[in-house]
Amino acid sequence: MNNLLLLPLAVAIASAATTYLVSSATLNRIAPTLTSAVIFLSGITLIHSHHPYEVALGGVLRVDPLSAWMLTTVGAVGLTAIGAGLDSNVSREYSGLLNGFIFAMSLAVEADNIGVIWFAIEATTVATAFLVSKSGTRKSAEAAWKYVVIASSGIAIALLGVVIIFGASRGTTLSWILLIHDHQLNQGLLRLGIALTVLGFSTKVGLFPMHSWLPDAHSQSPSPVSALMSGVLLSVALYAILRMRLLSEVGMASAEIKGILIAMGLASVALASLMMVRQRDIKRLLAYSSMEHMGVMALGVAIGKGATTAVLIYILAHGLIKSSLFILVGRVVNKTGTSDITEISLSGSFAGVTKYLTIIAMIGLLGLPPFAIFFAEIQISVAGFTSGLGAYIATAFIFALVAFSSIIRLIANLAFDGASNSVYKTPIVENHPFTEVLVVQRSTNSGPEAIESSPALLPPAAKSTTSHSPHFSNFLIVLSLVGATVFPLFSQASLNAIQFTISTITGGRS
Amino acid sequence: MIFTLQLCAGTLLISTIVIVWRRSLKSTARLLSIQGLALGGGLMVVEVNRSKLTGVMIALFVLTLKAIVLPVLIQRRLKLINEETNQGGNRSDVMRDDTYLNPTAGIFISSLLIGGSFVTTGPLFVNVGSISSSLSPTGIAVVLIGFLIIASRRRAISQLIGFVVVDNGITATALFVSGGVPTLVELSASVDVLLVVLILQVFTHQLRGHFGHTDISQLRELHD
Numbered sequence: 000m001n002n003l004l005l006l007p008l009a010v011a012i013a014s015a016a017t018t019y020l021v022s023s024a025t026l027n028r029i030a031p032t033l034t035s036a037v038i039f040l041s042g043i044t045l046i047h048s049h050h051p052y053e054v055a056l057g058g059v060l061r062v063d064p065l066s067a068w069m070l071t072t073v074g075a076v077g078l079t080a081i082g083a084g085l086d087s088n089v090s091r092e093y094s095g096l097l098n099g100f101i102f103a104m105s106l107a108v109e110a111d112n113i114g115v116i117w118f119a120i121e122a123t124t125v126a127t128a129f130l131v132s133k134s135g136t137r138k139s140a141e142a143a144w145k146y147v148v149i150a151s152s153g154i155a156i157a158l159l160g161v162v163i164i165f166g167a168s169r170g171t172t173l174s175w176i177l178l179i180h181d182h183q184l185n186q187g188l189l190r191l192g193i194a195l196t197v198l199g200f201s202t203k204v205g206l207f208p209m210h211s212w213l214p215d216a217h218s219q220s221p222s223p224v225s226a227l228m229s230g231v232l233l234s235v236a237l238y239a240i241l242r243m244r245l246l247s248e249v250g251m252a253s254a255e256i257k258g259i260l261i262a263m264g265l266a267s268v269a270l271a272s273l274m275m276v277r278q279r280d281i282k283r284l285l286a287y288s289s290m291e292h293m294g295v296m297a298l299g300v301a302i303g304k305g306a307t308t309a310v311l312i313y314i315l316a317h318g319l320i321k322s323s324l325f326i327l328v329g330r331v332v333n334k335t336g337t338s339d340i341t342e343i344s345l346s347g348s349f350a351g352v353t354k355y356l357t358i359i360a361m362i363g364l365l366g367l368p369p370f371a372i373f374f375a376e377i378q379i380s381v382a383g384f385t386s387g388l389g390a391y392i393a394t395a396f397i398f399a400l401v402a403f404s405s406i407i408r409l410i411a412n413l414a415f416d417g418a419s420n421s422v423y424k425t426p427i428v429e430n431h432p433f434t435e436v437l438v439v440q441r442s443t444n445s446g447p448e449a450i451e452s453s454p455a456l457l458p459p460a461a462k463s464t465t466s467h468s469p470h471f472s473n474f475l476i477v478l479s480l481v482g483a484t485v486f487p488l489f490s491q492a493s494l495n496a497i498q499f500t501i502s503t504i505t506g507g508r509s
Numbered sequence: 014m015i016f017t018l019q020l021c022a023g024t025l026l027i028s029t030i031v032i033v034w035r036r037s038l039k040s041t042a043r044l045l046s047i048q049g050l051a052l053g054g055g056l057m058v059v060e061v062n063r064s065k066l067t068g069v070m071i072a073l074f075v076l077t078l079k080a081i082v083l084p085v086l087i088q089r090r091l092k093l094i095n096e097e098t099n100q101g102g103n104r105s106d107v108m109r110d111d112t113y114l115n116p117t118a119g120i121f122i123s124s125l126l127i128g129g130s131f132v133t134t135g136p137l138f139v140n141v142g143s144i145s146s147s148l149s150p151t152g153i154a155v156v157l158i159g160f161l162i163i164a165s166r167r168r169a170i171s172q173l174i175g176f177v178v179v180d181n182g183i184t185a186t187a188l189f190v191s192g193g194v195p196t197l198v199e200l201s202a203s204v205d206v207l208l209v210v211l212i213l214q215v216f217t218h219q220l221r222g223h224f225g226h227t228d229i230s231q232l233r234e235l236h237d
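The listed protein sequences correspond, in order, to chains V and F. Under the working numbering, the residue at position 134 of the first sequence is numbered 133, and the numbers go up by one with no gaps. Under the working numbering, the residue at position 7 of the second sequence is numbered 20, and the numbers go up by one with no gaps.
Keep in mind the hints are simulated off the structure, nothing from the lab. Treat the hints with caution; some may be incorrect.
As a list, the in silico BS3-like pairs of lysine-lysine whose alpha-carbon atoms are at most 30 Å apart [as the list claims (entries may be wrong)]:
#1 F:K92 x F:K39
#2 V:K354 x V:K133
#3 V:K354 x V:K138
#4 V:K304 x V:K257
#5 V:K133 x F:K92
#6 F:K65 x V:K138
The shape of chain V in the complex, shown without the other chains (with noise of 0.2 Å):
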């Protein structure tokens, strides 16, 4: 069974090395799409594995039912991201990127020695890099410096933590599970050094003060990159946190650890859902949005154990949802050469299957009833409530609901504004007055960065960006979207399966 677990790992190296050495476009870009399968299918796999964990590789790597559901949804969001998102042009530096990058938040959700997690964690920082920085104009520069500077410091404070949790055990391990087991932990360097690492981990899922690479980054990554960074990187840093969440119960720091929780998630949900509120640029908002829902799931790791399943229920659908959503309106951008909410709607070229499941999409997001995000933050509230921390969760959704009604005009504009102007409802051609209008009225604004950054101006080649087949990538998207509503309500066996493993290892000790 083991080898389950070495399965995705190897699989990722594999296809990485397969595509640095066979140079095939078409194989560059089935190669991290299959990662992605192999890792979902492990990850389904385990799940309904009957056994209480899996060991490999002498005890760094441990997956109990927690891992398992994280594993699942790296290669759910990995498949919708990279299977739908990516376009027939893919050099084999970007997809043996792509491929590290999975690789890198399989080990770090497979890892049980908290010293991999946090190399795992970092290593996404290395993988991604120049994924960001990939279409080379000036802004991917700077969103690319900002994000390495960001999030290395942020993930150095982790690591710092790290070093104190092995000085906390005497020098004796970094095994989160026998960390959890041992009753001699020095508790006043356990709670730093949780502390700390909590800190540090927050860099990364873009909580407040450390968010401001968040915005940036993802509104210049590729389409692919972006709804990776948003579905899974950010909730593959949160279970980290959540990992040490629960370490915090064994000793006597769950009270900073919730204190300093309950703060990022709520200055989070706020600042999130304020910027929301006058944002032009369509891949901004949706990157503020992700910030926002993540302060709503760091408020749900800060309750602790009567909110973790449906705080994992909620990096499933939320990962579902916004990475469709980022690939959808990649599309759109990639068409029009901007992203500015209102050109875009303008612009006409918003139509057809891409429109619907885009506004089927933002349904989700808004957290409606057929969709999971729903039922999930119902049970945070609920266990909240319950926990005594009501007023924290009352003020995070008067702030949701400001985030809400941003969703629901940005739904308006797209759906209607670009309906009513017959004259842009035919799909913009290469020669379109408007376009030209457009790009002058751009250009003659903001300078000569303008024409270097459009690309309406750029080479037909190189504008046609748009998925390999329509058909499939919608497909894809449809598959992910009918996960992000019924697959939580199937898989209450699993979520059992975890509710039992976190009270059987810090039930006895809280």
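Keeping the supplied structure of chain V fixed, place chain F upon it in accordance with the hints.
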């Protein structure tokens, strides 16, 4: 052994403070080399004392990386920048960096950070099993001063140097609190700092290409 570690802690702390107030980037790179020597040496002494072969190998690796590879990488980058700028004819002082802090303020804030980390974390490190654990606040102070360097410098390359200082501080904390972290973590952390430094070097080059300078405070393309 404890004397070696005390020496190591002292060297680290003093060299970090000098980095804070020195403007010259060239001498900063040399100071990083000294820090690496102190850290690698300290780690080596601990591992030789334990007489474990893998540990000694790791110590050797850390010593090479921190005392030679990283400083040399930074020096080469500086030399490259120097040549590029001088080719254009407009000679500017690229080997120096502006900070927002004058030397006195830099030393003052550093001493506050050192005092603060000893007062707040000092009591936590008493009786944690390692003979050198009482030195651990030094490592934490170096981490904090490293962040001060990242925050107070204008040029991209200085932020890179600050990042290396932060990493040195973490390695020092690990060394003092428990005689170094497990091999796997030590190795991955070292490889990681090397990769991040390499990536940031590529990006400084890109920033220079796009903007003509690497003044971080002037990066204002992306905003809401």
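Inset, instruction - For the pair we were handed, K354 of chain V and K133 of chain V, check the Cα-Cα distance against 30 Å. - result: Given that 30 Å is the threshold and the Cα spacing comes to 27 Å, the pair holds.
Legend entry - Proposed proximity, K138 of chain V with K354 of chain V (alpha carbon, max 30 Å): holds, 28 Å
Inset, instruction - Assess, step by step, whether the Cα of K133 of chain V is no farther than 30 Å from the Cα of K92 of chain F, and give holds or violated. - result: holds, 27 Å
Inset, instruction - Decide if the proposed pair is consistent with the structure: K304 of chain V and K257 of chain V, CA atoms, cutoff 30 Å inclusive. - result: holds, 12 Å
Legend entry - Agreement of K65 of chain F and K138 of chain V with the hint, judged by alpha carbon distance not exceeding 30 Å: violated, 50 Å
Legend entry - Holds or violated: K92 of chain F to K39 of chain F, with C-alpha atoms at most 30 Å apart: Holds, at about 9 Å.
The structure fails hint 6 only (numbered hints given earlier).
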